[in-house]
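Asker: Now for the letters of each chain:
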Amino acid sequence: MNQLVTQAIILSRTDYGEADRIITMLTPDYGKLRVMAKGVRKVKSKLAGGIELFSVSDITYIKGKGDIGTLVSTRLSVHYGKIVTDLERTMAGYDFIKDLNKITEDQAEAVYFELLHRTFIALNDPEISLETIRFWFNAQILKEEGQMPNLQTDDEGVRLEAGKQYTFSFDRTAFVADAHGKFGAPEIKFLRIVFAGHDARIVQQVQGVDALLKLAMPMVQTLRLNMPH
Amino acid sequence: MANVLFLEPNILLAQAYAQALTLAGHTVRVVQGAQEAIHAADTALPDIVLLELQLPAHNGIEFLHEFRSYPEWQHIPVVVNTALYPVRIQAARQVLEEELGVVDVLYKPTATLADICEAVRTYGAGVAGGLYPGSAS
Numbered sequence: 086m087n088q089l090v091t092q093a094i095i096l097s098r099t100d101y102g103e104a105d106r107i108i109t110m111l112t113p114d115y116g117k118l119r120v121m122a123k124g125v126r127k128v129k130s131k132l133a134g135g136i137e138l139f140s141v142s143d144i145t146y147i148k149g150k151g152d153i154g155t156l157v158s159t160r161l162s163v164h165y166g167k168i169v170t171d172l173e174r175t176m177a178g179y180d181f182i183k184d185l186n187k188i189t190e191d192q193a194e195a196v197y198f199e200l201l202h203r204t205f206i207a208l209n210d211p212e213i214s215l216e217t218i219r220f221w222f223n224a225q226i227l228k229e230e231g232q233m234p235n236l237q238t239d240d241e242g243v244r245l246e247a248g249k250q251y252t253f254s255f256d257r258t259a260f261v262a263d264a265h266g267k268f269g270a271p272e273i274k275f276l277r278i279v280f281a282g283h284d285a286r287i288v289q290q291v292q293g294v295d296a297l298l299k300l301a302m303p304m305v306q307t308l309r310l311n312m313p314h
Numbered sequence: 010m011a012n013v014l015f016l017e018p019n020i021l022l023a024q025a026y027a028q029a030l031t032l033a034g035h036t037v038r039v040v041q042g043a044q045e046a047i048h049a050a051d052t053a054l055p056d057i058v059l060l061e062l063q064l065p066a067h068n069g070i071e072f073l074h075e076f077r078s079y080p081e082w083q084h085i086p087v088v089v090n091t092a093l094y095p096v097r098i099q100a101a102r103q104v105l106e107e108e109l110g111v112v113d114v115l116y117k118p119t120a121t122l123a124d125i126c127e128a129v130r131t132y133g134a135g136v137a138g139g140l141y142p143g144s145a146s
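So the protein lines, in turn, are chains A and B.
The first sequence begins at 86 in the numbering used here and counts up by one.
The second sequence begins at 10 in the numbering used here and counts up by one.
If you are wondering where the hints come from, they were derived from the structure by calculation, not from laboratory data.
The beta carbon of each residue, even a glycine, is placed where N, CA and C say it ideally should be.
Misleading hints may appear alongside valid ones.
One-sided excerpt, in silico: chain A residues whose CB lies under 8 Å from chain B [claimed, not checked]:
1) Arg-98
2) Thr-99
3) Asp-100
4) Tyr-101
5) Val-169
6) Leu-172
7) Met-176
8) Ser-214
Label-pair ranges, simulated between beta-carbon atoms [to be verified]:
9) Asp-143(A) with Thr-121(B): 47 to 55 Å
10) Asp-180(A) with Thr-119(B): 46 to 54 Å
11) Lys-267(A) with Tyr-94(B): 33 to 41 Å
12) Gln-103(B) with Val-163(A): 49 to 57 Å
13) Glu-81(B) with Lys-267(A): 50 to 58 Å
Covered by chain A, according to a simulated footprint, are these stretches of chain B (three or more residues, beta-carbon under 8 Å) [what the hints assert, rightly or not]:
14) 61–72
15) 95–103
Can you build the whole structure from these sequences, using the hints too?
Answerer: Below, the structure is given as structure tokens:
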């Protein structure tokens, strides 16, 4: 019997029969998993408490012969309970989960578990605005999917200069020198922080973050929309 | 007449709603929390759910996602009856209606008992008429 132990975040739960559910999880060790959780629909099921959304659980499961394993036990490791005290954050949380579930359809590296975990931590922190979290999340997705804009050199391969202004070329996913461009040194530095950052809190702490988000948001959103998924 | 599941954390309000709906001929079960509501729906299938979004522990959005994840509950009409300002609901309205199957949103401070009864009559009646075949009781 191949019994495995790992951490997991729930991505989705679907019905199976009278009392069972198939749970899709993101794990740091085994990527995306689909496991059968028996009896979780019953209110007193021991499993039910360990498979909350917006939480990380320690799970034990048996690897099946097919795609779907069987969940043996779950224990709630950490629950980000402040998320559900705010409806907008709850809805955003569901959006992020849905987004990652879609993106990881064909692949699921450990980095996506970390990204979703860090997103929950950010959503659980009322000091970090939803706009900042959305921006940071989308930037991290672009980075992991290899769609990050070039923040080092311009479209001709020349290193970006502090004294110059730039506009962003979506065709080349790079900046183009433009005296009337809206991206200067502070804006590009901000983008470097966002794309390098493992923590949305750092982005929130940047001086003038609201104006910077307003300027850079359309760029990140457009890149996300154009992402091959 | 409809079998109503009423998710309302305020006990006094819940009693008033339940009384009005019972007088209108409906069968009403009042629950205070999301998990309790899931259990109640599992025990007896409701024709319609009335829901406050602001709940203790798990909120109404969580309830809706959980509720809609069960195929046999996906077509049961849900009417939101909330004290949240309409402007806050407005941003979420598309998701509530298109993804979570909310058929109507009432603003609790201005919604009368008659409005609640009318919503149940309108949407709860859809069950018997075959509008929501998945919830036929």
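Asker: What are the numbers of the hints the structure violates, in ascending order?
Answerer: 4, 8, 10, 12
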